[in-house]
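Sequences are here, hints too, so could you generate the full structure?
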Amino acid sequence: MKKLLFILTSLLFIQTVSAQTLTSSNLPILVVYTNGQGIPNEPRIRAQLGIVYNGEGVRNGINDPRNYFTGLVGIEVRGQSSQGFPMKSYDLELWNADSSENEVSLFDFPKESDYVLYAPYTDKTLMRNFLAYTFTRELGRWAARCRYVELVVDNDYKGIYVFMEKIKRDSSRVNIAKLGPNENSGDALTGGYIFSIDKGANGWYSGVAPMQSVNNQRIQFNHVYPKLDSITLPQRNYLKSYVDSFEQALSSVNFQHPQSGWRRHANEASFIDYLIVNELAKNVDGYRLSTYLYKDKQSRGGKLVAGPVWDYDLAFYNANYCRGSDTLGWAWQFNGFCPGDFYQVPFWWNQFQFDTSFQANFRCRWKQLRSTSLSDARINSLIDSVVYLTQEARTRHFQRWPVLGQYIWPNVQPVPSNYAGEIQQLRNWFTGRIKWIDQNLPNRGICYAFPNTITKDLIITAYPNPFRDQLKLSLKSRKIQSVEIVITDATGRLMLQKKLYLNYGENLPSIDASRWSIGMYLFRILREDGSSEVLRVMKL
Numbered sequence: 001m002k003k004l005l006f007i008l009t010s011l012l013f014i015q016t017v018s019a020q021t022l023t024s025s026n027l028p029i030l031v032v033y034t035n036g037q038g039i040p041n042e043p044r045i046r047a048q049l050g051i052v053y054n055g056e057g058v059r060n061g062i063n064d065p066r067n068y069f070t071g072l073v074g075i076e077v078r079g080q081s082s083q084g085f086p087m088k089s090y091d092l093e094l095w096n097a098d099s100s101e102n103e104v105s106l107f108d109f110p111k112e113s114d115y116v117l118y119a120p121y122t123d124k125t126l127m128r129n130f131l132a133y134t135f136t137r138e139l140g141r142w143a144a145r146c147r148y149v150e151l152v153v154d155n156d157y158k159g160i161y162v163f164m165e166k167i168k169r170d171s172s173r174v175n176i177a178k179l180g181p182n183e184n185s186g187d188a189l190t191g192g193y194i195f196s197i198d199k200g201a202n203g204w205y206s207g208v209a210p211m212q213s214v215n216n217q218r219i220q221f222n223h224v225y226p227k228l229d230s231i232t233l234p235q236r237n238y239l240k241s242y243v244d245s246f247e248q249a250l251s252s253v254n255f256q257h258p259q260s261g262w263r264r265h266a267n268e269a270s271f272i273d274y275l276i277v278n279e280l281a282k283n284v285d286g287y288r289l290s291t292y293l294y295k296d297k298q299s300r301g302g303k304l305v306a307g308p309v310w311d312y313d314l315a316f317y318n319a320n321y322c323r324g325s326d327t328l329g330w331a332w333q334f335n336g337f338c339p340g341d342f343y344q345v346p347f348w349w350n351q352f353q354f355d356t357s358f359q360a361n362f363r364c365r366w367k368q369l370r371s372t373s374l375s376d377a378r379i380n381s382l383i384d385s386v387v388y389l390t391q392e393a394r395t396r397h398f399q400r401w402p403v404l405g406q407y408i409w410p411n412v413q414p415v416p417s418n419y420a421g422e423i424q425q426l427r428n429w430f431t432g433r434i435k436w437i438d439q440n441l442p443n444r445g446i447c448y449a450f451p452n453t454i455t456k457d458l459i460i461t462a463y464p465n466p467f468r469d470q471l472k473l474s475l476k477s478r479k480i481q482s483v484e485i486v487i488t489d490a491t492g493r494l495m496l497q498k499k500l501y502l503n504y505g506e507n508l509p510s511i512d513a514s515r516w517s518i519g520m521y522l523f524r525i526l527r528e529d530g531s532s533e534v535l536r537v538m539k540l
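In the numbering used here, the protein residues as written are 1 to 540.
Honestly, the hints are just simulated from the structure, not real lab data.
All of these numbers come straight from a predicted model, not from anything done at the bench.
Calculated cross-link-like contacts (lysine-lysine; reagent style DSSO-like; alpha-carbon spacing at most 27 angstroms):
(1) Lys498 to Lys539
(2) Lys303 to Lys240
(3) Lys303 to Lys367
(4) Lys178 to Lys168
(5) Lys297 to Lys111
In structure tokens:
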């Protein structure tokens, strides 16, 4: 019976599909048949999906049997501002006959039922989301897997689309614990959650105002998983309380403290990787829209994780407002560029710039990636791969959507007249952007680079000065060496004598002076060669 249904469905598609410009393709072909319903914003409508994919390196014909996949789907238009464009993006959910979810592995993606057909209408390179998601996966973070396809809906050729995974709680996507409606106490209550900063927020407001905003804007959070219609009141209260605790710790005087500071609540490495992708892309929507975070149970780690990354169609030199096209400057400084915009960047990213360890770790991570997944060669090879893969289908795509050479909001002008110009413009922007980041990284930590003007092998500073309870030393060393610190008060009384072993780069030992009296203190740093240096610091 199933075989007969497959044959009949395939024949139906063959008889009804005859796309005007598409006969065959090197890309998989997706054919959607809605029986003339029209696809709404919501709710999903019932439709049929057939996929022609004969394998790697084999051509796919529009009238070939839909032997890769054929079945029912629920489909709706997705997006917010992008819904105003003539080329629509779609949400797809694979369905069984009773409209229950049908989990299927497509294009070697892990088995799931929810997917996205992304329409690269304003992105004439066709690759900005693909690049962001690929970079992120190569950083070791989950991001949507992507596959270029051509789409036909009700015999209407729609062009090149990016078939991709959707952000969802799943062992192969956002791998956090499943949270049911009866899990309202103990460890079960602590995870897992996915939430976002985005338009149409349905959750709660941040307790800390964004920096530099001028219209009393507030950061709004959105429930993603569990959804608003299924999350319980205890779960809502717990998640809000946890995020509040993170923000309170980050905005406190002791925000850098390794135990009581913000790291108690959040995974630092994930925030650094998220920062890197957004800054590389100079994402004008970064940090303030389509920004996702998640939290697992305490027994499974339990800290806030930044990501997954999402929605980069207005990144990589494709936004003509709020300095989105500049190669210069940090994207996290958006509030200073556009303080009146309703959607602002949370204070988090500004505060991280005052965290010396965060700065140091950011620098080292960027330097590491520049020699691997973010090297010039790797970036150019990814661009080349999309140019080559889409070469044939682009002719059809841009016949269907004749946008080359045309301004489509919010393209940066002047708009290149052809695809080659779009790609060259993207390459040129990448060159300038990466050069600026390379030259403006915070110069801290073990990856510290000595300025050419300094010849000595050890630079010593103490901060803050004056200080209260905690005093930090910055010992920048050109080599592995040991030093001895001798601290005395104004009367000559010994307060501390300690040997430190220094690695190459910046070393950041901290001294607990909470029990010291107010007054002046002398720090003598003794080197291995017998030379010394004296610092004077004041405790308040």
